[in-house]
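Enquirer: Residues per chain are reported as follows:
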Amino acid sequence: MFAYYLRLAMQSFRRNPGLTALMVMAIALGISVCMVTLTSYRAAARIPLPHKNEMLYAPNVDSWDPANPYDKDNALYAPDLLTHRDARGLHASTIPDRKLIMYKAGGVLSGGTNGSPEYVAARMTSGDFFPMFETPFLYGSGWNAKADEGPEPVVVLSKETNEKTFGGANSVGKTVMWHDREFRVVGVLNDWEPAPKFYDVSNGSFDDPEKIYVPVNWGQIMELGSDGNTNCWKTEDINSYQDFLNSECIWWESWVELRTPAKVAAYRKFLDDYVIEQKSRGRFQRPLNNHLYTIEGWMQRNNVVGTDNKAMLIMAFAFLAVCLVNTVGLLLAKFLNAAPVAGVRRALGASRRDIFWQHLTESGVIAVAGGIAGGLLGIAGVWALRAWYGRFVQDLERSLPVDYSTLGIAVAISLAAGIIAGLYPAWRIGRAAPASYLKVQ
Amino acid sequence: MGLRPILSSLMRNGAGALLVAIQIALTLAIVVNAVFVTSERITKMGRPSGIDDQNMFALPVTGFEKNFDFFAMVRADMAMLRDMPGVVDAMPTNHIPLSGGGSSTQLYALPDKKGEKSPVAYYGTDEHAVNTLGVKLADGRNFSATDVEYRPKDLQGFPGTAVVTRAFAEVLFPKDKDNLVGKTMYDDQSKPIVIAGVIEQMHGAWVGWDKLDRVLLSPVVGPGPGIRYLVRTKPGQLDAVMAAAEAALRKRDPNRVVGKLRTVKNYKQSSYASDSLTAVTLSVVTGLVLTFSALGIFGLATFNVNTRTRQIGTRRAVGARKRDIVSYFMAENWLITTLGVVVGCGLALAVGFWLSNQFALPRLNLYFLVGGVAGLWALGQLAAWQPALRAAKVSPAMATRSV
Numbered sequence: 001m002f003a004y005y006l007r008l009a010m011q012s013f014r015r016n017p018g019l020t021a022l023m024v025m026a027i028a029l030g031i032s033v034c035m036v037t038l039t040s041y042r043a044a045a046r047i048p049l050p051h052k053n054e055m056l057y058a059p060n061v062d063s064w065d066p067a068n069p070y071d072k073d074n075a076l077y078a079p080d081l082l083t084h085r086d087a088r089g090l091h092a093s094t095i096p097d098r099k100l101i102m103y104k105a106g107g108v109l110s111g112g113t114n115g116s117p118e119y120v121a122a123r124m125t126s127g128d129f130f131p132m133f134e135t136p137f138l139y140g141s142g143w144n145a146k147a148d149e150g151p152e153p154v155v156v157l158s159k160e161t162n163e164k165t166f167g168g169a170n171s172v173g174k175t176v177m178w179h180d181r182e183f184r185v186v187g188v189l190n191d192w193e194p195a196p197k198f199y200d201v202s203n204g205s206f207d208d209p210e211k212i213y214v215p216v217n218w219g220q221i222m223e224l225g226s227d228g229n230t231n232c233w234k235t236e237d238i239n240s241y242q243d244f245l246n247s248e249c250i251w252w253e254s255w256v257e258l259r260t261p262a263k264v265a266a267y268r269k270f271l272d273d274y275v276i277e278q279k280s281r282g283r284f285q286r287p288l289n290n291h292l293y294t295i296e297g298w299m300q301r302n303n304v305v306g307t308d309n310k311a312m313l314i315m316a317f318a319f320l321a322v323c324l325v326n327t328v329g330l331l332l333a334k335f336l337n338a339a340p341v342a343g344v345r346r347a348l349g350a351s352r353r354d355i356f357w358q359h360l361t362e363s364g365v366i367a368v369a370g371g372i373a374g375g376l377l378g379i380a381g382v383w384a385l386r387a388w389y390g391r392f393v394q395d396l397e398r399s400l401p402v403d404y405s406t407l408g409i410a411v412a413i414s415l416a417a418g419i420i421a422g423l424y425p426a427w428r429i430g431r432a433a434p435a436s437y438l439k440v441q
Numbered sequence: 001m002g003l004r005p006i007l008s009s010l011m012r013n014g015a016g017a018l019l020v021a022i023q024i025a026l027t028l029a030i031v032v033n034a035v036f037v038t039s040e041r042i043t044k045m046g047r048p049s050g051i052d053d054q055n056m057f058a059l060p061v062t063g064f065e066k067n068f069d070f071f072a073m074v075r076a077d078m079a080m081l082r083d084m085p086g087v088v089d090a091m092p093t094n095h096i097p098l099s100g101g102g103s104s105t106q107l108y109a110l111p112d113k114k115g116e117k118s119p120v121a122y123y124g125t126d127e128h129a130v131n132t133l134g135v136k137l138a139d140g141r142n143f144s145a146t147d148v149e150y151r152p153k154d155l156q157g158f159p160g161t162a163v164v165t166r167a168f169a170e171v172l173f174p175k176d177k178d179n180l181v182g183k184t185m186y187d188d189q190s191k192p193i194v195i196a197g198v199i200e201q202m203h204g205a206w207v208g209w210d211k212l213d214r215v216l217l218s219p220v221v222g223p224g225p226g227i228r229y230l231v232r233t234k235p236g237q238l239d240a241v242m243a244a245a246e247a248a249l250r251k252r253d254p255n256r257v258v259g260k261l262r263t264v265k266n267y268k269q270s271s272y273a274s275d276s277l278t279a280v281t282l283s284v285v286t287g288l289v290l291t292f293s294a295l296g297i298f299g300l301a302t303f304n305v306n307t308r309t310r311q312i313g314t315r316r317a318v319g320a321r322k323r324d325i326v327s328y329f330m331a332e333n334w335l336i337t338t339l340g341v342v343v344g345c346g347l348a349l350a351v352g353f354w355l356s357n358q359f360a361l362p363r364l365n366l367y368f369l370v371g372g373v374a375g376l377w378a379l380g381q382l383a384a385w386q387p388a389l390r391a392a393k394v395s396p397a398m399a400t401r402s403v
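Protein chains in written order, with this note's numbering: chain A, 1 to 441; chain B, 1 to 403.
None of these hints come from the bench; they were simulated from the model. Certain hints may be false.
Reference listing, derived: stretches of chain B covered by chain A, where coverage requires no fewer than 3 residues with Cβ under 8 angstroms from a Cβ of chain A [as the list claims (entries may be wrong)]:
#, region
1, 20 to 30
2, 287 to 294
3, 303 to 316
All figures in this text were calculated on a predicted structure; none of them were measured in a lab. The beta carbon of each residue, even a glycine, is placed where N, CA and C say it ideally should be.
Start from the sequences, fold in the hints, and give me the full structure.
Expert: In structure tokens form, the structure reads like this:
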């Protein structure tokens, strides 16, 4: 029966090719606009490491100005970064299964067998970074707690850096110069481009990962400041690196791995105790305002998806709604126009249900055609945007990926939409009394 | 001709008309808000930056060897760049204007953090900054070569003179708007900074910041090992000078890292990328939504005409003129459009209110709503025009024929 309905649908399309094309186009454009906005929304809303969402936490404490909240638009937020003192203070806790403190620095990388000296961004971090964030290694591995403490002159290179510096060869055991100091390569990462860059959203949610990874204590030995955001509120005499380390300026980040709810609770208590203890020393004069964010919560806290992205998605779906209302109207017109044919079929014994299914099949075919066309158009749209914006937006592959799985979503949305659009016209035509059409024929 | 017959005919075949009305309502709500947001973004992107951003490029330079003479490098590079053909001027700076990266600090009108205060984006540079940026000095003077401090260590505080934008100075000294030169500002350590010159207008680092036009140029360079160069070229020579400058810089001293050269125009586009993406997407949606609404109205009007040929023929046979037929269909369309527009107004206001509430966007300007209503009325009549004319062509003889 379905095949017969399909044949009838094809005949009907041939009768009104213009009207059919208009309906397919309406659905296709509605879908494609939705696809483009959905692509950028989904890229931003994706949660990296979903299986660790309930294990990894970013602690936040409110060390900010007693007179003003950190974020005037949302006074409930604590600062998104930590002072050096608090990063160290929180890092002293033995509750977490794994823990890291880090910041972003930069300097000239030289040495190696290939390439010329280059200024590279470096992540100054604890060695737990690699197992916590499950970074893939091409060669070697990260470093252990002993190397953290030393600190030992070890470094992990990104795949790209290894290609530039060593031509892609296994460089474990070889040395590079960074800030004119010798470091031994212990590991080379494989392709790893977390998007969004959840562990450092305050310096750009879709920025490139750093080119090299260095034990964080080297930062203080080499007196390296932050290459990322540094925010200060307090009037302090800062005349040396040591003054800066002891200041109320925020520039550090921390993550902890807590595998059981009991540990989460214990760590929350630790945070409160830490702040209360600091209060007794005259710091932390704002109300107790500690947070422990999951990856997902952290991305919401930092508005990674972005206001425009959300508003645009809503606009796109409103546009799809217009396209669908349009299609319902056109379908209705088309079906009623061909009502005499349905009348004859009814007179020859087709039931109302048959007529209904026949017409629903017709609208389903239009929907699928519109969905496929819309999906392809949407991919073309993403490509076009990337071609246009790629000239001046560096991180576009990650914020606007060409995501073919969205094509499936497009066809599914379209089919659902087309069937909804076809319901009323198909029902309406099924109810028409056959006699009225037969009379005039 | 009264509206009664139109109304009664609409009542009997209401579904199609209702669908068109819904479509018009949604269209109005989308278009009015989309056009409003788009125009906001276009205004934002079109603000003059005050600097010659179309004819400038920038690059980072970093020394890395031990005992590297940073200041000798800066002086030699600057002398070389300023001498190159096609270069108007060049300056060293800690940050690139319009790039989205920068530093800001809070300054006060009085010592001890008293008086008017304001945050300001600052650039540490030398006496060539005003000419390199191409900003207009409204009052006072530029700082001189002897004012510039080359600091080997990272010290707090600014040198004692500065060139600031009028927008910034007027916030600090609202009562002396005509007499800003010579006024003393203070940092949070109460260190004084005297305003040497006032820039008419200039944009700083962050295009999304509502205090974008508060900028301070300070005569300080250092401490290294990294710095950025900003170069302004003669119009039309940007690409050629960039290529020549890169080669010359690499050749002059290979013992430092010359980073990627980028035009300031490119930085600016990058900073405004999300605004422009929003504007482009919304414009496309607006165009499509209007097209489809027009096609939908057209399709339904055509359908109405087709199904009523006998009725039209009968009316013509009993004396209706062609004009009457046209006006009948136009009036019918006008009624449907009006219903859609009335509902759409409410919807547009609701969407506008919700957008401004939820996403901190500016409140919908009502002129846009008025424009949208007028536009949709016109669009509706335009789309119904051709089918109405076709209806008028129906011969009175149709009355006697079966379909």
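Enquirer: What hints, given by number in increasing order, does this structure fail?
Expert: Nothing - there is no hint that the structure violates, so all of them hold.
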